[in-house]
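*Asks:* Whole structure, please, built from the sequences with the hints as guidance.
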Amino acid sequence: MFKIKIKDIEFNNPIIASSGTFGYGYEVADFVDLEKLGCVITKSITLESRNGNPSPRIHESKSGMINSIGLANVGVDKFCVNEIPKLNNINTKFIISIAGKKYEDYIQVIKKIEAIESNHVGYEINVSCPNTSKGGMEFGVDADMTHKLTSDMRSETDKLLIVKLSPNVTNIGEIALAAESAGADAISAVNTFVGLSIDYITGKFILNNKFGGVSGPAIKPMALAKVYQIFKVVKIPIIGMGGISSFKDVIEFIRAGATMVQVGTLNYRDPTILSTFNSQFPGFLKSNNIDDIKDLVGRHYEN
Amino acid sequence: MRKWSWSYINWRLTTAYPGGWKYALLHPIELIKDLNNYLVWCQKIDTQINLEDKNV
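So the protein sequences, as listed, match chains H and X. Counting from 1 along the first sequence, just add 14 to a position and that's the residue number in our numbering. Counting from 1 along the second sequence, just add 1439 to a position and that's the residue number in our numbering.
None of these hints come from the bench; they were simulated from the model. Yeah, the Cβ is synthetic: ideal placement off N, Cα and C, and Gly gets one too.
Partner residues aside, some chain H positions facing chain X, computed with beta carbon under 8 Å:
(1) G37
(2) E41
(3) V42
(4) N65
(5) G66
(6) P68
(7) I72
(8) E74
(9) S77
(10) I83
(11) A86
(12) P231
(13) S259
(14) S260
Just so you have them, the derived chain H footprint on chain X, three or more residues with Cβ under 8 Å:
(15) 1452-1465
(16) 1468-1478
*Replies:* Below is the structure:
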């Protein structure tokens, strides 16, 4: 048994395609069996359309990548008209990721989406993207702002509300508690770590935006620590992510306290990897005499 | 990669470049260099994942 329920939504399994790594969700439908995924999270939608940061904005690094894509997306109006009808036909549940340059943007975007017919089961609020000079970071590093934003988003929807946290804070538990007390149904943790890369010959910054978000296997131990720290302080479910590159990593995040997991950077290598992970659940549960994957959530022991 | 649909490739180009496929067409050398970097990265990631699995 590996179905997962968060709030009143039942997901087929705990594997989620992370925002920004799977397109809007329908682009992969021709070659990925979406039915085998727990859920797909769209790339982040902002109030206005965005081309994102100038190139270069992706840099392949050791054991991962650094990106400063800058929330490139079509904007909420085009998203509602052109993308949601396509998403309504995909063969899995989908969650809409929302980001903003300023506080009011988040509220306007969710209001516009709530006003139309859509099959999405919830929202992931991106308060943690380190790529926009004016955006998310201010909300995600401050507990009071996180609380206010989550609370106001909560008042706009009854759907699943997930807050995606930044790891680039001193006390992530404090931010998670703020989101929980404001009405979030779940916490996504964690987004990318701030990183930098310099050409050692020319001395130039590799990314046009200078800084970027580090993701991939390199960040897994740090991401796992953040999930564990959050698990110790909140009661709502955690959706763990950060460098997952194997089924063993999936189980490790679940044992650290994650109810579901997101896979991101590995999708750039192989978008079909998620269904591969999913296919490993039955054998794993059977060989370890586990009836339900939920029994493993937070099951870790002192050494 | 052979199975990738046009809409997926288009999204990947839009993710990599402001202007997406139009930018890629106008900057073919950058595209080739980036594609090469990507393929090398894929090989390294594959090796690393396989090594890690063997070590666990």
